[in-house]
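Enquirer: Sequential numbering of the sequence shown, starting at 1, is according to the working numbering.
Note that these hints are calculated values from the structure, not bench results. There could be a bad hint or two in this list.
[Unchecked claim] Listed next, with one range per pair, are the computed distances between beta-carbon atoms: (1) 70 with 119: 18 to 28 Å; (2) 160 with 79: 25 to 35 Å; (3) 51 with 189: 15 to 25 Å.
[Claimed, not checked] Okay, derived cross-link-like pairs now, EDC-like style, lysine to aspartate or glutamate, Cα gap no bigger than 20 Å in a straight line: (4) 70 with 82; (5) 70 with 126; (6) 179 with 161; (7) 179 with 35; (8) 179 with 189; (9) 179 with 146; (10) 179 with 144; (11) 90 with 161; (12) 90 with 132; (13) 179 with 126; (14) 70 with 122; (15) 70 with 44; (16) 70 with 97; (17) 179 with 132; (18) 90 with 144; (19) 90 with 146; (20) 70 with 128; (21) 90 with 35.
Where a beta carbon is used, it is the ideal one built from N, C-alpha and C, also for glycine.
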Amino acid sequence: MNALLTASAAAGPLAAGWSLHTLLLRRRVERARRDPLTGLPGRDAFTTTARRRLRAPGGVVVLVDLDGFKQVNDAHGHAAGDEVLASAAKRLAVWSETRGGCAGRLGGDEFAATITCPAPSDLPFELDALHDALTSPVPFRGAELDVGASIGAFAVAGLPEPVLGPALRRADEAMYAAKRGGGGWHVADGPIPVMTTTNGRRTGRPGTNPRSGGSR
1 MNALLTASAA AGPLAAGWSL HTLLLRRRVE RARRDPLTGL PGRDAFTTTA
51 RRRLRAPGGV VVLVDLDGFK QVNDAHGHAA GDEVLASAAK RLAVWSETRG
101 GCAGRLGGDE FAATITCPAP SDLPFELDAL HDALTSPVPF RGAELDVGAS
151 IGAFAVAGLP EPVLGPALRR ADEAMYAAKR GGGGWHVADG PIPVMTTTNG
201 RRTGRPGTNP RSGGSR
């Protein structure tokens, strides 16, 4: 009995140490899956979560590109640019998560999100809310920074099955339609065009190495 008690006492610290090691390792892996500036999931982590979220009825994929971001960087410096990115990420995350979705940073000033919007007639109002949030001035060192946003959206109900790659492709086309119109949002509909893509995006776009509806 004494030997058993001695062995148990010796194993206790070892088990505690291993549990702590496992916890720290899990935290390091989680940090590696997140963008260090914005705290949003990176492309791979977003893709994993988005695929699960799109299984819910009414799934919508959204792509966001900040307009005028380079001008902010050039005029106010990289710290101001970082503040704009962090603010946009937080606003997008709140918008998507309160609508049953998730958000991620694809790279640069481009972001992606999913939401659940069972009633198609509600989508314009949801995109209005997102655009208003993203284009609200960003406080920075006593000043206010202004950026625009081009938003593309695609409802996966337009697909035979909710596949993320084709949905991202349509949202990408819609985003560029919004950008050509001077910003705001655009909803893609109709058949998916045939084009060369990588990771669901047109070749040459950021993120290819490893956007009818209302507009505003």
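Enquirer: So which hints don't hold here, by number, going up?
Expert: 1, 2, 5, 6, 7, 10, 11, 14, 15, 16, 20
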